[in-house]
Amino acid sequence: MPDNSYQAVMARKNDIMKAAVGLDYSRFESGGIAFDYEAMMAAPGLDIHQVQAIQADYGVGNTPLLELKHITALARKYARPGYGARILLKDEAANPSGSFKARRAALSVHAAKEMGYKGVITATSGNYGAAVASCCAKAGLKCIVVQECFDSKGLGQPEIVEKARKCEAFGAEVVQLTVGPELFYAFLLLLEETGYFNASLYTPYAILGVETLGYELAGQCKDQYGAFPGMVVATNAGGGNLTGTARGMRKAGCESPLVAASVNLKGLHMASDRDFNMKSFTTGHTGFGMPFTTWPDRSDVPRSAARPLRYMSRYVTLSQGEVFYTTEMLAVLEGMERGPAGNTSLAAAFCLARELPREALIVVQETEYTGAGKHPNAQLAFARANGVRIAAGDPREEVPGESIILPEHPGQIDCQEADLNHMRKSLIAKAIEGAEMPIGENDLRFLALETNSGADFVQGVIDQFGRDKHETSR
Amino acid sequence: MIKKGTWVQLHSVILKPKERAPQVPGDTAKVPLEQWVKGRLMEDAEVGQTARAATRTGRLVTGALVKANPGFEHGFGAFVPELLAAQESILKAAGEEAPDA
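Chains as they are written, first to last, in our numbering: chain A, 7 to 480; chain B, 614 to 714.
Hints may be right or wrong, so weigh each one.
Said to hold, decoys possible - Partial chain B-side listing against chain A, Cβ under 8 Å, derived:
no., residue
1, 641
2, 644
3, 649
4, 681
5, 685
6, 693
As the list claims (entries may be wrong) - With a Cα cut of at most 20 Å, we get these calculated SDA-like pairs of lysine to any residue:
no., chain 1, residue 1, chain 2, residue 2
7, B, 629, A, 304
8, A, 24, A, 304
9, A, 272, A, 392
10, A, 159, B, 708
11, A, 75, B, 708
12, A, 436, A, 447
FYI, nobody ran anything at the bench for these hints, they're computed from the structure. Ideal Cβ placement from N, Cα and C applies to all residues, glycine included.
Using the sequences plus the hints, can you model the full thing?
Here's what the structure looks like:
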């Protein structure tokens, strides 16, 4: 009988993971801070056309790029003359399971089947679970979805309950847990018990799957409008959406700036039993977005293929009220019910469009399905029942967990700039923790790529930390 | 008595409070990590009793029998007047007349 205590299972996580993802991560390591990211991404041996072919087998991809003419016209009312880019929306809800996560799932499930696994497990409370369940149904593989769903009173977050329903609808087994990071422990035990494939969101497969999204949107802009977009906005949580989109755009020759957007949940602790049901967004928020941007390797694989800080040119945040309001805008002006979490990037685009000239294109690169539990009405009714104040007013006055303030008019939607240099410094600080000084050339170059900066910037940050440390030790 | 073969939900405690991960915040550390799974009941059992069930993937799981034929009750929630007001303000701003209040 193996020792299944928390400590014992966590101690053998690397062996469990190696068996469950069919990839030996040690061969990409350098022995220092750096690892060979591009070699890891190339390991599956799939080019973008092969990825597209696999996705086509699952009915995934080739989603329409829609022009939101009425929202564009509204955004222009708040822009200087000559400004207000055309807002385009990639309708990823058109994928079989209702979100862009189908792209990631198709690749993971395909890999699992190729490698001879009998089933697939994924740890997620979101759309990805439904996507994996959907692809497993098509591939004839068994599927287990492990989700953090309830607080200690047994109260389920309605959006997560809806995901459980959807996974079961595709024939998956759903294991539901109360709040806590030990979901990973339960997940490892299940991998050991079943010998199934870990369809992590952070393997090279999962990110290669998103590359087609960036590749498609660049091609659609070129075909439909004769130009690449002036800006692309991606809702950001674990970083895979942004990373894959950026890499795919580059494969199409498109270097347009990519802006990350997250819902601001400042002050709410992601592992807190009390805070769990006080948030009205279960993904696309800063509670995932910030920590995964500043330290991608906190994920469930030894090295994450999602490394968003390499690719983002800006990072903006929005309030919950602003995203709900924009979700209503999409419904009432464009006749589309989507989201809400996936509409974070739309809310950002509504204000970022003002920065670009009228002839420019701004692409919102995803939508997600909506329905019972997910819909703004379901979330706001749930929040109100839990004591959160819902009101119309100034969205800047919203306090996550205490209030949700819907704007009184569209002009109040105003995304807030997060400090990318602060995030870069945070990533570097974490990376050099315990490292021998001075760090080598290879590690310096790696950190410059990781932070989308330069070797001088990285060296400057390291020197600054050295001085600060010296000061505090005196 | 719930009959063998019925679709049921089982509950178990995965980690007691003192077995939890060291990094969990204070409120979470005070409560156990609990789990719910569904499957077909292997033997007749009463609600509240420890029972076994076979899940959709064929795993055998043990736990306290919570309920038979568990369903979903999530929906769209009570009417939220602020959302209607939001729509009206959007339509007004877009230059279309909102219906008279």
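Evaluated hints:
1. Given the 8 Å rule on beta carbons, the hint for residue 641 of chain B holds: about 4 Å separates it from the nearest Cβ of chain A.
2. Because the closest C-beta pair between residue 644 of chain B and chain A is about 4 Å apart, less than 8 Å, the hint holds.
3. Because the smallest distance between the Cβ of residue 649 of chain B and any Cβ of chain A comes to about 4 Å, under 8 Å, the interface hint for this residue holds.
4. At about 16 Å, the closest approach between the beta carbon of residue 681 of chain B and any beta carbon in chain A exceeds 8 Å, and the interface hint on this residue is violated.
5. Because the beta carbon of residue 685 of chain B sits about 5 Å from the nearest beta carbon in chain A, less than 8 Å, this interface hint is met.
6. Nearest Cβ of chain A to the Cβ of residue 693 of chain B: about 5 Å, under the 8 Å cut. The hint holds.
7. For the suggested pair residue 629 of chain B and residue 304 of chain A, the alpha carbons sit about 25 Å apart, so the restraint of at most 20 Å is broken.
8. Under the criterion of a C-alpha separation no larger than 20 Å, the hint pairing residue 24 of chain A with residue 304 of chain A is consistent with the structure, at around 17 Å.
9. For the suggested pair residue 272 of chain A and residue 392 of chain A, the alpha carbons sit about 18 Å apart, so the restraint of at most 20 Å is met.
10. The straight-line distance between the Cα atoms of residue 159 of chain A and residue 708 of chain B is roughly 47 Å, outside the 20 Å bound, and the hint therefore fails.
11. Between residue 75 of chain A and residue 708 of chain B the CA atoms are separated by roughly 14 Å; this keeps the pair inside 20 Å, and the hint holds.
12. With a CA separation close to 18 Å, the supplied pair residue 436 of chain A and residue 447 of chain A stays within the 20 Å bound.
In terms of the numbered hints stated before, the structure departs from hints 4, 7 and 10, listed from lowest to highest.
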